[in-house]
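Visitor: The task is to assemble the complex, starting from two chains supplied on their own in separate frames and drawing on the hints.
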Amino acid sequence: MLARCGFGRRGLLKFAIAMTSSLALPPSVAPVMAANLAKAKRRSVIWLSFQECTGCLETLLRSSSPTIDQLIFDFISLDYQESLMAAAGSAAEQTLREAMAANKGEYLLAIDGSIPVKDGGVYSLTGGRSNLSMLEEVAADAKAVLAIGTCAAYGGIPKAYPNPTGAVGVEDLVSNKPIVNIPGCPPVPEVLSGVLVHFISFGRLPELDDRKRPLAYFGTTIHDQCYRRPFYDQGKFAKSFDDDGARQGWCLFELGCKGPVTHNACASLKWNGGTSFPIEAGHGCIGCSEPDFWDAGGFYTSLAGGSATGWKSAGIAAAVGLAGGAAAALSTRIATPLEDAPASPPEKTPPEKTPPDKLP
Amino acid sequence: MTDFSFLADDALVDALIMEIAGLLRRLIEHGEAGIIDVLGLPLPPSCVASLEQRLGHGEVTVRLDAAGASEIRETGIPGVWWTRHSNEQGRLVAMLIEVTFVPEILKANIADVVRGAERLPALTNVALRARGADVALRARGAGRPHDAS
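Protein sequence lines correspond, in order, to chains A and B.
Residues in the first sequence are numbered from -12 upward in steps of one, following my numbering.
Residues in the second sequence are numbered from 6 upward in steps of one, following my numbering.
Next comes chain B alone, as it looks inside the complex (with noise of 0.2 Å):
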């Protein structure tokens, strides 16, 4: 006798693979992203595996250590990713399905961007120098290197 009992867990997976879909007409006519909580939908850890195993595995794997481990994953449909977000102690605290270009928790903010480039003249070989006399002389008690001459 043939085993139905696949059927019902394939229902949830269809209806969530027809949502995408539609979020991913909205992200290609009006540029809209969008994002399904997985671990917030009632389903069974099977749907979770077989609705990524349709998936499948884009080009791009991004690992991001930000107060605990995260997976940012295109799926084998581009524009699509599956995202694990961990904490500290490696609990899995969401599951996204991102439709979007890019994720946003990927892009660069721009207040860090500015720290960044405060910080980016220090790191050139002149100022290393310097600061690597600067270290030197403070050690000696000379004071500063422009007070030593």
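In isolation and in its complexed conformation, chain A is listed as follows (with noise of 0.2 Å):
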């Protein structure tokens, strides 16, 4: 099958040295991995989006990576996803229940996007039916559940304070199923394909931390792997994001970076091809394959507490270029007087709700 798709033997093998590479096992495995997708059956993948934006969506389709649209989809078979299906409504629904038929306890189950339960789930509907009663009943028959967002994995941003709908996250509801968390808003792509490959080569889960994240990809924090860290350690820190430091490439800490507490592999496999990662581009990380982090404090607000002097100019710019409530969900994050904030915000204190119009 893979011959017909133009990927030779020698391609298959690269493509397993590059993924042993990336899943951080020994390259020796990859001859073994090559041989076992070579002769691997396609494996059924039922993708469910919930309370979403379908960023997640968005990001592992555009990914420039090859090994998402080239060959990994040569390696599943993609039964069901409501934006990319040619089917609607009725045949849609058809065709989930037959690809649910056809491949029980074996189908690999992909959720993007948080599950609303306030008030029986009325929040968020699919067809006349709740998120909650499509989860139940679609993972009960899966092999095990991949979490895609940080929405899937922790509730993201619809669980934010005020969480009008109760938002949570896949493993709040499934407990009897091996559950993946691919956390990031949005999650990296190449860690979907890791997994998937990993999976259909060894017939099983790579290894996991204790937050359900694939070891490999979410074992450091973006700090450890970040080309700016060796400043970090020098005690070298940009004040403004445009100060003589920041253009020297000096450490984003002071102006709110969250790169030490936020496990993700940004600085490793980078975004757009491997173009770059948000820090490089000059912007702190903002932590979002963290739980609640859209809770955990302002993003200009380091995490000592303190604040450099630039955050007021960046804040502003920020919110003056967002509409809305987009605008005014940001305004309320950064008006908080940054000399005043704790050190790390108790977990579920919500923001301070101060007016745009109150801005520092």
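No wet-lab data here; the hints were simulated from the structure.
Quick caveat, the model's predicted, so the values are computed rather than measured.
Treat the hints with caution; some may be incorrect.
Said to hold, decoys possible - Here are the simulated DSSO-like cross-link-like pairs (lysine-lysine), alpha carbons at most 30 Å apart as the crow flies:
hint, chain 1, residue 1, chain 2, residue 2
1, A, Lys223, A, Lys257
2, A, Lys164, A, Lys26
3, B, Lys112, A, Lys26
4, A, Lys199, A, Lys130
5, A, Lys226, A, Lys257
6, B, Lys112, A, Lys28
Guide: If you want it as structure tokens, here you go:
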């Protein structure tokens, strides 16, 4: 099958070498992985989108990595995805039922988006059915569940204070199936391909950490892998986004970078085909792959609780660049006087409600 | 004042050279190949460059075109190969030091060899002429060569 698709043995072996490196497996495993992939049966994947913005799907589809669009889709059969499939309405529902029946107990269930549970889950419906009901039914016969993106993993932005829909992540509802969390807002696409290839090659999920994240990608913090880390060690910090230190690549810790407490592979895999990642573009990490990141303090408040001189202009510029509710939401986050901000805000503390026109 | 800052990098390079030496001993004594994933090591670029420079260039450099370009180069130490794999966008996806007689990816696969052997007779002059006649006759609507008599 792969030869017909234009992938020779050498191409497949090369792909396996890259994947073993990405998954932190011994390189000697690559020939075994390539051999297994060559004879692997396509694995059925059912993808359900719940309370989400479609950003996770967009980033995965628009990845320049060939591992997604040129190789992965030869190893999986994406049997149900509402945004991508041609079928709609009752035909789509029939497709879902058929895929579940034909692959009972063997399909992978991918979820993006959180699940609202308040008031019986009425705040997000598909075809008149609540996300909660669909998850219960489809997860029951799944081999494993992949929670893709921070919303599916931990509730994400829909769960942010005051969480009007009672949004939760997959692991709050599914307890009897193996779950892999691939958080990020959006997640790094190569992590999903790595998890899928590992599962298809070896018939089991990769090693996970205590938050059910693939250890190979989430085992270290952004800070540990950051190219600006030597400046942190030397005590050289940018004080504003356009000072000499920032231009020389000094550490963005004092400008609110959450890299020291954020586990993800952005600094090593990077984005847009390995072009760069947010810190390389000059902005601190906002910690989007960690639980409750939206309520965990200001993006421009340093983890030590202080603030550099440049945060106000940066915050105002960002707020001006956003429209309506988004601007209001951001402004409430940056409106808190940082001099008074706690070093580590309590996990469930709601942000202060300062109107947008009260920006400092 | 003498600058000794290079010593930290040098210690990492020396450690890798000793690991390569160990892998070479295993290859010589037991015929077992070994691989070091250079991209997977927390090495600064200066270290990688230093190691590559010290290992030097050997007699063989191979360019591979399979799902993107690859360069497989024997270093100045026979049996030690420096391999770079890039994807179709030109992004480096793997960098390996392979300690082996011939890197695995260069060897032809038996299934591919069988398929190639099946295709070979079609490349003879007789086969090509027959196919050319077949194509010409079909273009004139005369059917296959043996039907045309």
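Visitor: Mind listing which of the numbered hints don't hold for this structure, in increasing order?
Guide: none
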